[in-house]
Every structure is written in C-alpha cells, then in structure tokens.
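Chemist: As they're listed, the protein sequences go chains A and B. Position 265 of the first sequence, counting from 1, maps to 265 under the numbering used here, and the rest follow consecutively. Position 234 of the second sequence, counting from 1, maps to 234 under the numbering used here, and the rest follow consecutively.
Some hints could be false.
Said to hold, decoys possible - Result set (DSS-like, lysine-lysine): computed pairs, CA atoms no more than 27 Å apart in a straight line: (1) B:31 <-> B:166; (2) B:214 <-> A:248; (3) A:248 <-> B:127; (4) A:99 <-> B:127.
Since the hints were made in silico from the structure, they are not lab data.
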Amino acid sequence: MKSFKANGIELRSIIESWNPTKLPLTQSLWIFSVLLIILGFTQIFMLPLSYSMILVFVGMGLTPWFIRYQLKWMNEERDFFMLTDFLQQLVATFKQHPKIYASLLECKDITQGRLRSDVTQWLNGLEAGGFPAEHAQRFITAWPHFIVGNLVHLMIAVESFGTFNYAEGLEIIQDDIEDWIEDTYLFKQQQLSTRNRIQLLILFSLGIAFMCHNMLFKTDMIQELTFYHLSLFTFLLMDLLTLFFSQKSISGSWIEAREMIWKKESH
Amino acid sequence: MEKRIALGLILVVWVLLDPWIEKNLGMWVEKDSPRWWAILGSEPIEKWTHARYQPLRKIRFVLIGVMFSEHFEWMCVIITSALIMIFKLPYLRLRYAARKRIDQVRYQFPIYLRQLQVLLQNNTVVKTIELSLDYVPELMRNDILELHRNLLLDPMELKHYLDCMKHYDLPEVTRAMKWLFRYQSIGYQDAYRQFNRMINSTSKWLRQSRLESKDNQVHFYQWMGLLPLFGVTLVFITAMMSVALSLFERG
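Isolated chain A (complex conformation):
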C-alpha cells in the first residue's frame, strides 16, 4: 500500500510537471532521431516483416518511458535546485534573525509544489502551537537529507536554548549545501555526457553494420539469409535496449538515497 502510494505520488508529480514547451527540444529530438534511425534500419537491412514489426512494437512501447525519464530528470532537477535555494535562503535569513517562523515565512515565496506544501504545513503547525520540534520533524520526514536534518536541529536548538556561536554552525551547513550542489551538478553533467556517448556509439555501430551489409550484397555471394537476419534482428534489439538503458541512467534521484539518513527513523 505504501509503495503504491509512493508510486502514485511520483506519477502524479511527473504528470503535473508535463509541459511540452518545457521539455528540452534538442534532447527529445535527439533521442527520437536515434530511435527512428534504428527503426529505419529495419527497412535498409530488408528485415522480414515479422522482425520489423517486433522492433517497431518494442520501439513504440519504449517511447513513453523515454518521455517519462526525461520528465523525471526535469522534475528532480527542479526539486533539487528549489530545495537547495530554499535552504540557502533559510540559512541566510536565520543568520540575520534567529526565529524559525519569521525565516520560514520569508523563504516560503521561493518554493513551489511539494516543498511549498511542506513549508506551509510547518508554518501552520507553528501557528497552531505545540512543540516546535514536532512540526519540524514532519518536514525532516518529507525531506530526510542530512543537511536538512542538521539545519533544522540547529535552528530548533538556537531558538529553544539560545547561543552565541550559532553563526559558525550555520556556516558549516552553508558550506555543505554548496559542496552538495557542486558535486551533484557535476555528477549529473557526467551522467548526461555518458548517455550521449552511448547513443553516439549506437549510431557508430549502425554505420559499421550498414557498410558491412552493403559490401556483402555487392559481392552477391550470399544465398542463405535466415541466420543473417536473425543476427541483424538481435543487433537492432540490443541497440534499442541500450538506448533505453542509457536514457534510464539519467532518471535517478538527484538526492542520494544514502544521504537521507533519517528516512527510517522519522515517523
């Protein structure tokens, strides 16, 4: 039930983020071009209809996934930068005026979607009264990254007990956020370039197969094509699946699961 709900939320947020004008055009065109080239090669290689149909169906079946992964990338990117912007702003505001409610209120405007509703919930909780730590805990549950946890715990400690040196603690957290953004962004760029390299290799292999095919049919020395067609079919299927997995590689979360250390403990 829990995982179903989680998938539902993920799917809903992906659908909500659907905006064709936002979908990077060059990225999408590039992927669909590669997909069409692979399928076009079924005709160039004169594959039997049954093989061609299977490849077309596989290609059509994979297309929604390509779009889904692309949208997930955009969604994750947006959430990540929104969260880090929010945290940076929160640290800066809290440094000047160490009150959680006032800082949250000031930073609420730069948030959207899930983050905004979690911040609003936290603010509503503070307005309603009770233990401030309880409301903050709900926020940590929703965003269980260790930097979020560290910041929230420090803010609560400062507000509850007061201290002179809290600015240094906030600076440590600020440095952590900057390192986090830098490392994650670099990694994501690396992932993109790996994906593009894999897709180029697919095109390169198709080129080699095309030359080989041309040479073979110029000699007119081939009579039995069944086995040859089967190997071509396997090759094109392999290319389609490689294209799929290369696209899947970019769909991972921007927030490292191993850094969400309070995921299990939170209620």
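Position chain B relative to chain A; hints supplied.
Modeler: Relative to chain A, chain B alone:
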C-alpha cells in the same frame, strides 16, 4: 579399486570424527571471520560456525555414489570442490555483507560527524553525543549508545573513544574519535583550532565518499556502451560465415 576403498575409509573416519570436529570447528574458521562477524552479528560466532558445518554433514554422503561411479577421479575432484565451496560459501557471503556494511559506515560516519560538529557549537562532547542519539544512523546506533554509556561513567577516558566502532578498523573513525577526546579534554583555544581542522577534514572526507559513490554509478553505465559494438561484431561474424558457407556450397 584401492582408491575407492581409501575414499570409503576417509568417509567412515570423517563420520566417526564428527563429535571432535564439531568441538574444534574454530580451527577451520578463517582468520578474519571473527572481525566480519563482529561487524554484522550480535550472536556468538560459534553458532555461525556450527550452522556452517551442517550442510557438509548431509552432502558428504554423495561420496558413496562417487565410489561406484565410472569416472571416479573426475567425480572425486568435482565433489571435493563442491564440498569446499559449500563450506566456503557462508564465509564469502559474510565477508561480502561485512564489506558492504563498512562501505555504508564509511559513507554515513562523516555525515553523523557533521551533525556532531553542528551540535558541538552549543554543547559539550558528552551532551552532543546524547543529543545526537535520536538521530544517529541505524548502522551505528548500538556503537554510539555504548559510547554514550561509557562516557557517562568516565568522560575523560581515551579508551572509551578508541573502542567505539573499533571492529570496523577504519582509520578515519579512530581519528575522529581522538579529535572528540581532545575537544573534550583540552582548553577552549586549542580545541577551537582542532575543531576547525576537524571540520575541514570531514568536509573532504564527505565529498570524497560522495564522489566515489557517484563515480561507481557512472562506470556501471559506461560499460553499456560496449553492447552495440558487441552486437555489430556479431553481425559481421554472421555475415562472414554466410559468405564462407556460400563459397563452400559452390565448391
């Protein structure tokens, strides 16, 4: 024939020696097993060594079938290798799981340390550890609980710090624990300098763990790029085979 009789005798002796073997299973345990076990389990290692021997007790009777086999020597080699493998498998699994745990600790410890550093801004070391107990990662909860218990008894004892997470044998952890001890025991000015050094070092460590983990993820997908090239090689070989076959058919 003599070899088959010898195998039968070995089997009989093995069965007769069972009580002695069971008592002295510690002799056959790999040197590093206790360390892996300490990292993973809370039960005594004797239970594990005992459970590890049980499949061998049942499977060894396959050797009776080997005695009557046509390919006696080959079967002996295969079955002996299988028995060794069955005995080694739990150890290999244990080592793999323990290494995975160490890897997780290496990743999560600097994160936890960062939390301590933030809490240390306002608190003493013992109070900081106490406050962190609610949020300590599950992997190291027992170790930190034990450290806290010991520190309540004597916070100025270096041994308590050094004993914490000792079984992981991670130099980074030992270094961090020494820092914590120094922070607890020496004056504010010196401690402040130490503390800044500790923060810088933890930042480096944290980033290094993060980058290593991300590099591993990228490398995994980089191998995938070889698949299309493997596929085209297959096509090329098939095409050449088809040509060769056509040539042979034409004579």
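Chemist: Against each hint, give a clear statement of whether it holds in the structure.
Modeler: Consistency of the hints with the structure:
With a C-alpha separation of about 17 Å, the suggested pairing of residue 31 of chain B with residue 166 of chain B holds against the 27 Å cut-off. For the proposed pair residue 214 of chain B and residue 248 of chain A, the alpha carbon gap of about 16 Å is at most 27 Å, so the pair holds. A distance of roughly 46 Å separates the Cα atoms of residue 248 of chain A and residue 127 of chain B; the hinted pair therefore is violated under the 27 Å criterion. Under the criterion of a C-alpha separation no larger than 27 Å, the hint pairing residue 99 of chain A with residue 127 of chain B is consistent with the structure, at around 24 Å.
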